[in-house]
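**Student:** This is what each chain is made of:
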Amino acid sequence: MVYHSSLSLSDLFSRKRKDETADAGTDWPVYPTKALAKFLTSLNARSQRLLLDLGPVVGTNVNFFGEELGCKIHVEDVFKDIDQHVAEGKLDALPSFLAKRFSQEDDTVDGILCWDIFDYLDKASAQVLARELIRMLRPDGVLFALFNIVEAATKAPPGFTRYVVADRQNLQYRAYRSGRGKQRPLSPRDIQRLFEPLHISEQFLLKNNLREVLFRKPSIEKTTPEGKPASHRAAD
Amino acid sequence: MWKRDEAVKPTGPASPATPATTPAQQTQPSVPAQPEPRRHQMMERDVVNIGKSVVIKGELNGSEDLTVEGHVEGKIELRDHVLTIGPNGKIKAQVFAKAVIVLGEVNGNVTATEKVDIRDGGSVDGDIISPRVAIAEGAHFRGSVDMQRKGGQPSQGKADNAQVARSSASNVGSQPVAAH
Numbered sequence: 396m397v398y399h400s401s402l403s404l405s406d407l408f409s410r411k412r413k414d415e416t417a418d419a420g421t422d423w424p425v426y427p428t429k430a431l432a433k434f435l436t437s438l439n440a441r442s443q444r445l446l447l448d449l450g451p452v453v454g455t456n457v458n459f460f461g462e463e464l465g466c467k468i469h470v471e472d473v474f475k476d477i478d479q480h481v482a483e484g485k486l487d488a489l490p491s492f493l494a495k496r497f498s499q500e501d502d503t504v505d506g507i508l509c510w511d512i513f514d515y516l517d518k519a520s521a522q523v524l525a526r527e528l529i530r531m532l533r534p535d536g537v538l539f540a541l542f543n544i545v546e547a548a549t550k551a552p553p554g555f556t557r558y559v560v561a562d563r564q565n566l567q568y569r570a571y572r573s574g575r576g577k578q579r580p581l582s583p584r585d586i587q588r589l590f591e592p593l594h595i596s597e598q599f600l601l602k603n604n605l606r607e608v609l610f611r612k613p614s615i616e617k618t619t620p621e622g623k624p625a626s627h628r629a630a631d
Numbered sequence: 004m005w006k007r008d009e010a011v012k013p014t015g016p017a018s019p020a021t022p023a024t025t026p027a028q029q030t031q032p033s034v035p036a037q038p039e040p041r042r043h044q045m046m047e048r049d050v051v052n053i054g055k056s057v058v059i060k061g062e063l064n065g066s067e068d069l070t071v072e073g074h075v076e077g078k079i080e081l082r083d084h085v086l087t088i089g090p091n092g093k094i095k096a097q098v099f100a101k102a103v104i105v106l107g108e109v110n111g112n113v114t115a116t117e118k119v120d121i122r123d124g125g126s127v128d129g130d131i132i133s134p135r136v137a138i139a140e141g142a143h144f145r146g147s148v149d150m151q152r153k154g155g156q157p158s159q160g161k162a163d164n165a166q167v168a169r170s171s172a173s174n175v176g177s178q179p180v181a182a183h
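Residue numbers (the numbering used here), protein chains in the order written: chain G, 396 to 631; chain B, 4 to 183.
Hints should not be assumed to be uniformly reliable.
Stated by the list, open to error - Taking lysine-lysine and the DSSO-like style, the derived pairs with C-alpha atoms no more than 27 Å apart in a straight line are:
{"hint": "1", "chain 1": "B", "residue 1": "K95", "chain 2": "G", "residue 2": "K495"}
{"hint": "2", "chain 1": "B", "residue 1": "K95", "chain 2": "G", "residue 2": "K475"}
{"hint": "3", "chain 1": "G", "residue 1": "K602", "chain 2": "G", "residue 2": "K429"}
{"hint": "4", "chain 1": "B", "residue 1": "K78", "chain 2": "B", "residue 2": "K95"}
{"hint": "5", "chain 1": "B", "residue 1": "K101", "chain 2": "B", "residue 2": "K55"}
{"hint": "6", "chain 1": "B", "residue 1": "K93", "chain 2": "B", "residue 2": "K118"}
{"hint": "7", "chain 1": "B", "residue 1": "K55", "chain 2": "B", "residue 2": "K118"}
{"hint": "8", "chain 1": "G", "residue 1": "K475", "chain 2": "B", "residue 2": "K93"}
{"hint": "9", "chain 1": "G", "residue 1": "K485", "chain 2": "G", "residue 2": "K518"}
Since the hints were made in silico from the structure, they are not lab data.
Sequences and hints are given; from them, build the entire structure.
**Tutor:** Here you go:
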């Protein structure tokens, strides 16, 4: 019990109101997710897994995936890279930057968490990033991505969203300011083409105007006659 | 009138007969009879501080908790103790400790047997190996995290996550459902 010797009753009430306002700012909405549980199930069947998270860095997520999958998690905050390029006025250089951004070897990553990164990229950058992700993804590996399905409001301030895993079925959406807003939404056909030769194993349309997509890289049996996985041919 | 009496009451569960104490004294209420200089010596022995102006290049080994506010390049090994990198600390080293708390900058791999805690404003560029990892929202981290767990075990982290879901349940006014 804390004793406020010099506070009047009205002071106490105003203080309470102030506290409530502060709390309301951190009370972010939680939305169900269908694809995340399937993503986890796909990865659970593997051993010595490596997960690539395209950011931003969220301690809760690192803990969740570490606990849930017992895997190694590599965090590469591409959102921060976009912000930095916007701040420096070098958005044209983003595709070439993304082409050299990842140090991971080919076919080494079991799962990739893209979140909604593709909503913030222009076509050229999106193609380069998708090609890099396909290159890194192991055959039979899975990629989880969110895509906006409606045009973003022009008056809305630019910002990214931190998707914080609440549990296997729920994601908390925490918006934060950035220099880049969402770009024109990609059509389902564009999405499919962008990630070829990955195939869409699950797709969910959410009421909050997001499309959750779970991609899977064809397994090693589906290789080209030269012995290379199909993805290499597509990347070339 | 009663307000004057209440103002001098301690906020903790201590008995009313206990005299009013300063915040510094409240940190060690269980050793009131100890002379001041000896207590000071004990604190110095428990935590070693490397000050802002100190630069160490090489290997740093120890068997007590350590706080680094200066620069260290090379290797830090405190296998059974806590390493704290203060807000002014800059580490370019491989780190091995029981627990590592980062408020400054670390460039190198961090291995902890218990926990790595990157606080707001802290920065780690390197790989982390630890069974427990906490990364605050304002922290910078680039690298990988290996929690060395085999999955499926319930943990405190999951309980926290469930709490997030429950506390925000009221916000799910328009709960999205899968259309496909």
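**Student:** All hints, please: hold or fail.
**Tutor:** For each hint, the structure was consulted:
no., hint, result
1, K95(B) - K495(G), "holds (24 Å)"
2, K95(B) - K475(G), "holds (23 Å)"
3, K602(G) - K429(G), "holds (12 Å)"
4, K78(B) - K95(B), "holds (8 Å)"
5, K101(B) - K55(B), "holds (23 Å)"
6, K93(B) - K118(B), "holds (19 Å)"
7, K55(B) - K118(B), "holds (25 Å)"
8, K475(G) - K93(B), "holds (22 Å)"
9, K485(G) - K518(G), "holds (16 Å)"
Checked against the numbered hints above, the structure violates none of them.
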